[in-house]
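Chain order of the listed sequences is E and H.
Mapping to the numbering used here: the first sequence position 126 is 149, numbers consecutive.
Mapping to the numbering used here: the second sequence position 489 is 512, numbers consecutive.
Since the hints were derived computationally from the structure, they do not count as laboratory data.
Bear in mind that the values here come from a model prediction, so they are computed numbers and not experimental data.
Any copy will do: because identical chains look the same in the list, a pair fits if it lies in one copy or spans two.
Straight-line distance between alpha carbons at most 20 Å, and here's what the computed DMTMM-like set of lysine to aspartate or glutamate pairs gives:
1. 435 / 62
2. 81 / 445
3. 40 / 331
4. 317 / 124
5. 81 / 441
6. 81 / 99
7. 40 / 507
8. 524 / 165
9. 435 / 65
2 protein chains.
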Amino acid sequence: MSRRSKSARSRKDEYHKVEQTPWRRFRNPHPPIDILSPDQLDAIHDSSMRVLSEIGIKVLCGRSRSILSAIGCTVDESSEIVRFDPGLVAEYVAHAPGTAELHARNPAYNLTIGGDEIIFSSVMCPPFANDLDRGRRAGTFEEMCEFVKLVHAINAVHQAGGGGFEPLDLPAETRHLDVGYAHATLTDKTWKAWSNGAERARDAIAMAKIMMDFTDEDLIARPVITAPINTNSPLMIDTAMAEGIVEMAGVGQPLVIAPFTMAGAMSPATEAGALSVQNAEALAGVVLAQAVRKGAPVVYGSYLTNVDMRTGSPLFGTPVFAKTTWASGQLARRYGLPFRSSLNTGSNSVDAQAAYETQLCLWAAVTAHANILFGSAGWLEGGLSGSYEKLILDAELLQLAIESFQPIEVNKDTLGFEAIRDVGPGGHFFGSPHTLARYDRAFYHPILTDTRNYETWNEQGRDSAEHRANRIWKRMLAEYQKPEMDEAVDEELRDFVARRKREIVARLAA
Amino acid sequence: MSRRSKSARSRKDEYHKVEQTPWRRFRNPHPPIDILSPDQLDAIHDSSMRVLSEIGIKVLCGRSRSILSAIGCTVDESSEIVRFDPGLVAEYVAHAPGTAELHARNPAYNLTIGGDEIIFSSVMCPPFANDLDRGRRAGTFEEMCEFVKLVHAINAVHQAGGGGFEPLDLPAETRHLDVGYAHATLTDKTWKAWSNGAERARDAIAMAKIMMDFTDEDLIARPVITAPINTNSPLMIDTAMAEGIVEMAGVGQPLVIAPFTMAGAMSPATEAGALSVQNAEALAGVVLAQAVRKGAPVVYGSYLTNVDMRTGSPLFGTPVFAKTTWASGQLARRYGLPFRSSLNTGSNSVDAQAAYETQLCLWAAVTAHANILFGSAGWLEGGLSGSYEKLILDAELLQLAIESFQPIEVNKDTLGFEAIRDVGPGGHFFGSPHTLARYDRAFYHPILTDTRNYETWNEQGRDSAEHRANRIWKRMLAEYQKPEMDEAVDEELRDFVARRKREIVARLAA
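Could you put together the complete structure from these sequences and hints?
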C-alpha cells in the first residue's frame, strides 16, 4: 500500500452538472416484509434440504466435486451428482460471514454488503447495446466505455455492473481484460468482475491487486471484487461457474451466488417449488465457497421470475417476483447471509412498462431488505439490452427510493409553528421567511421528471420521458470527468493486459 | 328494502373479455412502515394542537361555526376563526369509528374503509379529458359516461371516482345530478359523490336512497356514499366544504377529509411543518363531523406533496410524498381513524414518468396502510386530466400490487419435491406434469405488459405501453355491459333528476 501515498480522489461533487441527489450509501431502517410464516419458511428449507440430500446437484467441475467430496459430500462421479447432508450444509453455511466490506479505488465509494445496506449495482453484460440514436445493436468496446462513464457519473448507482453490454468487437477470449481495464480506470467505484472460468477470475484478481496496490493478504483483508455466479437451474453448476466460486473464495472476494429459477421453466410453476430449487442451488454454492475457504464472504442470491404460462415468454416485475423476493430475504436471514435481488423489465423500450416493472422489483427488493441489487441501472428487454436511456430512468427510480427512505427531521425549526402562525389561515408560504430560508435545498429535485405544464410541453414537441432521458445521458457523458489514477498503476495495468493477451493468443494458436 | 326482491347482480366474470385478475378486496397483512419515532409523532401532534388552539381554523360557514361554538370551541365571528381546545379535540375525535362499511348496489362490491383493507378509488373530476385519439380537451357528459363504464369494467378499481372529468357541456348548476345518475346506473360499484355544498350533498343523499331503496335509517345503518372533502390549506374550511361535512355527517355517510397541503406553498417547506398543518386541518374537520353526529364515519386524509422549489411547479410521486404518507398513516392510527392517501403524477402523457410517479405513490400508500386511495385510476397531468390510457396503466399497477400482497401457498403439492426429483438436474419443467396441471392458472397474467420479443415488437411498429393502452380501453369499452337495474328504480332516479333540474333552473331564473 506504500507505492502511492496520495492516491487519486474523485471530485465527484464537482463534475455532475446534471443535477442529482448526492452519492450516499443507502439503508432501509424499517423491518423487512415477511411474507412467509415461520412454518412455511421451515417447510421450504426442509424441502430444499431433501433436494440437496436426496436428489443432489450436478457439478460439472471435477475440481469442485473433489473439494466437496473432501468435506463429506457424497459424489457420484459417473453422473457428476453431489449430494449434501443437511447437517453438513448447516455447518458450512454457518461459516459464511453476515456482511462483507467492499473496498473501492476511491474509499468514498466503499460499501458493505449486508445488514440494512442496499447496494445498487448496474447491469452487467447483455448481448446488445440500445439507445434512441443508434438503435439496438451489437455494442462495441468504445460504446461500453461510454456506458461505464455514465454509470460512474450517476450518484445513485453504487457499483458499476461490469460491462453494460458485451463489447462484441473484441475477441471473446481476451475481452474480459479490456473490460477489466476499462472499469479499473474509468470509474473509481467498485465493480462486478467477470468470474466465469478460472482464467477470467484469476485475471480479475490480478488486476484488482494492481489497481489497489494490494498483496494477496491485503485483498483477503479488504475485499475489492464482487463476483457474480449463476447456477444452471435446475440443480446444476457448470464448470465455469464452479471455477469462479473456487478462485474467488480462495482469495476471499465476495461471491454472489444466484440461481436463475424461472418458475414454470427452470423450476416448478409454483412459488414454493421454485424457492425450494433456488434455495438448494444457492446453498450448494455457499457450501462450495466455504469448503474452499471458511469465512469467505458469500451472498445469497435470488433471481426468480416466471414465464407467462400462455405464451412461454418470461415476465419481469411480477407478483411472483415480489412475493418470492420477500420470501428469499427471509431465507437469507435464516442463514445469516446477505441477500441479492435484481431490477428487471421485459419492455423493449423505455416506456411506462419499463418503469413499472423495474420499480415493482425495486420496492419489493428494498422492502425485502435485499442488500445488493443487480441490474439496477440500464437493464432492458429482459436482459438482452443495456440501454442508455434506461440508465437515466433508473437513476431517477433509484434516487427516489434512496431519498424516500431518509428520516423526517422533526424539531422546533422544521415544525415551524411561528411560520404557520405568521402566514395564518388562507395565507401563502411562498414568500414566508421560513420557506425562503430553505429555497434552494428543500425537497427532492428530479433528474428526468418533467415539470412543464401541458401547454408548454405540447408546444415544445410533446416528448416522453424516454426522449428526455436521451438528452440527459448525452449531457452527462459530455460532462464526464475521468477519476485520476496514478500513472504507474495505469501503466502496470496496461502491461498486465498486454501480457495476458499475448499469452492467451499464443495458447489459442498452439 | 322490499321493493326489489331480486336485485340485479353484475355478471362481472362474464363480461370482462379483456383479461384481468378477478375483483377482490385488498388487504395488506404486513405491518405498516413507521417512519416517525414515538417522540416525533408526539411532537407533530403537539404542534398541530397548538395550531388548533392558538392559531385556529378559519371556517367560512356560519352554520358550522355555530355547531363548533355549541360544543365549546372558541369562535371569533369577526375573523371567522375557530379555536379548538386540545382536550375537546381528543374527546370528539374519539367518537369517530375506526372503520366504516360501504354498501354498493351490488353487494359483491361492498367495501370496508379501515383496518388492513385498501380501496382503490378512481380519479374524481379534473377539468380535462384526455386520450390519444381525441387529445386533451374539455370533456363531455357522453365521454364521462365512457369513463364511468371503463372504471366499472376494471376489476382492480374498487370504487368509481365520481366523474373521471367534469362534463363541461352540461350546466354547472345541475351537472351533479347527471353525474350522480350516470354513476347510479352505469356501475354497481360504490362511488364518490359530489359533496361540495349543502344542495349537492342533499341531492347525492336523495339519489343514494332511491338507488338502494333506503330510508334515512337504512342509509345511516348501511352507508352508501363516499364523500370527499378538501380543506383549503392553510387552515381554512370554505362554506361548500363545511356544508358537505354537516350534511353527510348528519346521515352518517363516510366523509374523507383531506387537506391539500402542498409543502412550500400551502404549508411550510418542511415535512414536519406540512404534517402539522395537515393534522390540524384534518382533525378540525373530524371534530365538526362528530359535533354534527357522534360516531359519523370519517376518514383521516392526506394529500401532501411539494412544489419544486426551483420552478414553483407541483411535484408528484416524490420522496416527500412517501415519507409524509408513512407519517400520516401513523397519525391516523394514533387517532384510530381510517386513512386516505392518493395516487398522483404530474406527467403530461402516459410515459415512464406517469408510471414511476404513480407507482411510488402506490407502494408508499400500501406500505403505509392507507385505506382508501383517491386518484387510483385515470389521474394524469397533476390532476388536470382524466386520461383513458392512464386508466389502463393504472389497472396494471393496481393488479400488480393486489396480487403481490397475496400469500404464498406452501404445502406438499406446491413444494413439488417429486416433480423436482422427476425433472432432475439440467432438466426442464415446461413439460412436467406438475407444470401442465397448472398451465392455465399459474401466475399473474398482465393487461398491458408486452411480452413480444424485440424483433416482433420492432416489426409490428414499436408501440409503447401508451399506445397499447389506447387499444385496450377501446376493446374494454366495446365489451362493456351495463349492470342490470330495476326499471322502477331507474325511473324514480330519472324523475328525481328532472324535478331537481326544474327547481334549480326556476330558482336561478328568479
